[in-house]
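*Asks:* Sequence:
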Amino acid sequence: MADVHEHGYEAPAVAGSGAIALGVAASVSILGPVRVLARSDGSAWRAEERVERLCAKTDGADASRIKVTTSPNDLEGCDLVVEAIVEDADAKASMLAGLREICPDADLATTTSSLGIAELGERAGIADRFYGLHVFNPVPRMELIELCLPATLAPEIGARARAFCSALRKHVVEVPDEAGFVVNRLLFPYLFDAVRLLDELGLDPIEVDACMSKGAGQPMGPLQLLDFVGLDVSVAIGEKLHAASGKEGHAPPQRLVSMVAAGKLGRKSGEGFYEY
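Just add 129 to the spot in the sequence shown (first one is 1) and you have our numbering.
Here are the simulated lysine-lysine pairs, DSBU-like style, with alpha carbons at most 35 Å apart: (1) 343 x 393; (2) 299 x 343; (3) 397 x 186; (4) 393 x 376; (5) 196 x 393; (6) 299 x 397; (7) 299 x 196; (8) 299 x 186; (9) 186 x 196.
Pair by pair, the computed Cβ-Cβ distance ranges are: (10) 162 x 374: 34 to 44 Å; (11) 181 x 375: 44 to 54 Å; (12) 311 x 375: 16 to 26 Å; (13) 233 x 387: 43 to 53 Å.
Keep in mind the hints are simulated off the structure, nothing from the lab.
Every residue gets a Cβ at the ideal spot worked out from N, C-alpha and C, and that includes glycine.
Turn these sequences into a full structure, and let the hints guide you.
*Replies:* Pasting the structure below:
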């Protein structure tokens, strides 16, 4: 592959069409063309509508530079593919193994927030060209990228990854290949404690959130944030953190698990700790 150019990559793509995937695509469109791989025609139509709205609210973004496709073969010739699908190791490994075949010369990255990078890369057979690119929702507005460059990665790929993040005008922290990296290891015990307080103190969600937003200066209360992230996603992250660390604070509270079982997933389902 060619030497690093100012953006790190010339033909990037995103595999996925959820909020994180489309946020990455909108951010990358500031630099130039980007392709998005959606799972179905319905997902592609929704993605096209959402990127229009996202780009309209993002300085320098251009929806006309984003090509949404349902054909993996349309990613052939890309030099970077960022996988951003459901937080499930089997699904990610399968997607990445397929991308390995379609894009044999491309660097591959994942937006996982809780899975081991080296382990996932080994499962997909891409350990020497695979890294973690943990962005935060909403991607165009959030400044941080947790960049995980495992020991198995070829050095020149790390240089391209750093150039890419710099071109996106993000603040980069290189983090070790540990479950949850830094943000989620610190954040989720706090969020889960807020859920436990509801039962222990008999408070309403709006009261707990007001304490942290108005008293501690947080932009969003912890229960509002859980609804925003998705309660199902939060439980999955907590289970992975707890399995890796054994720390009780990383285990999702039973109340949260029960809400997910009842279909209360937060904003995306219309109901979580609040109704939407």
